[in-house]
Each structure stands twice: as C-alpha cells, then as structure tokens.
Amino acid sequence: GVFKATFKLNKKEEAQMQEEALALLRMFDLEKNKDDLATSLPYGKQRHLEIARALATKPEILLLDEPATGIDTAAKADLYAMLKKINREQGVTIIMVSHDLELAADAAQNALCLDHGICFWGEVHAALKHHHKHGYFYR
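Quick note: the sequence shown uses the working numbering, first residue 12, plus one each step.
No lab work stands behind these hints: they were computed from the structure.
Glycine residues also receive a C-beta, built at the ideal position from the N, C-alpha and C atoms.
Check the hints yourself; a few may be wrong.
[Stated by the list, open to error] Distance ranges between label pairs, derived from CB positions: (1) Leu112 - Asp47: 30 to 36 Å; (2) Leu112 - Ala26: 39 to 45 Å; (3) Asp76 - Asn21: 33 to 39 Å.
[Unchecked claim] Using 30 Å as the maximum straight-line C-alpha spacing, the simulated DSBU-like pairs for lysine-lysine come out as follows: (4) Lys96 - Lys56; (5) Lys23 - Lys69; (6) Lys95 - Lys140.
All chains, full assembly: derive it from the sequences and hints.
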C-alpha cells in the first residue's frame, strides 16, 4: 500500500511496525478500537491514543501538557499509573505540566513546583507534605 511504498519497507519490516503499533494499542487498552477513527473515541481514549502515537516514535523524553485535563478521576489515576509504568519499564523521561498534584505525585519521582513565582525542585511527596502543612511550597 501507500505506507509500504512511501517508506520502501519489506514485508518483514512492515509486519514488525504493525506489531509494534498493536502493542502500543494493547498497552493503552485500545486494540479493540484499532479500526475506529480517533475522533469517534471518547475523550479519555483520545488522550491515551495521543500518548501511544508519541511513544511510537520511541522518544527518550515525553513532554505532556495537562495530559489528564477533561477526564474523570478514575481515568486520571489510570493514565498516571500508565505514565509511571512507561517511565519505569521503557526508561522514557516524562516531563509533565499538571495541576492535579495529588494524582501526578503518584507518577512522579521529582517535581518542579511553581507557587506565586517561587520555584521548588525536589522529591514530590516532600513538596506536597510541606504544601499541605503550610499552604505553600518551600520558599
């Protein structure tokens, strides 16, 4: 097809790429939607698909801006768990902007927190503990 002609792939290479794509779909529980248009998917699954597409490029660093915006709390927890798994198992560094500090904390090792122009960098749970106790990050 067009894909094969564009990238001049042999059958083995094409089969390998298809298997890698299916593995990413499985990772995000999207395999049953493989023939669906992205726009027909629920919003949370669209977010998963966006991340899967980014991972298909085999990045060393994944930049995410509010990846859980607009999805329910359970789906957010699942998404952050998946990001943690990607970081741990694939070694992908994930840099993420999030206002969901509690959920993001479960996925993060370190955090850069901005609080009214004051910047904190460090272990995320220590930062949240201080924030809960004092109402602000370290100053």
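Outcome of the hint check:
1. Leu112 - Asp47: 30 to 36 Å: Once the Cβ atoms are compared, 33 Å apart, the range 30 to 36 Å for Asp47 and Leu112 holds.
2. Leu112 - Ala26: 39 to 45 Å: Holds: the Cβ-Cβ distance is about 43 Å, inside 39 to 45 Å.
3. Asp76 - Asn21: 33 to 39 Å: Given range 33 to 39 Å: holds, Cβ gap about 38 Å.
4. Lys96 - Lys56: 18 Å, holds
5. Lys23 - Lys69: Measuring from Cα to Cα gives roughly 19 Å; hence the hint holds.
6. Lys95 - Lys140: 21 Å, holds
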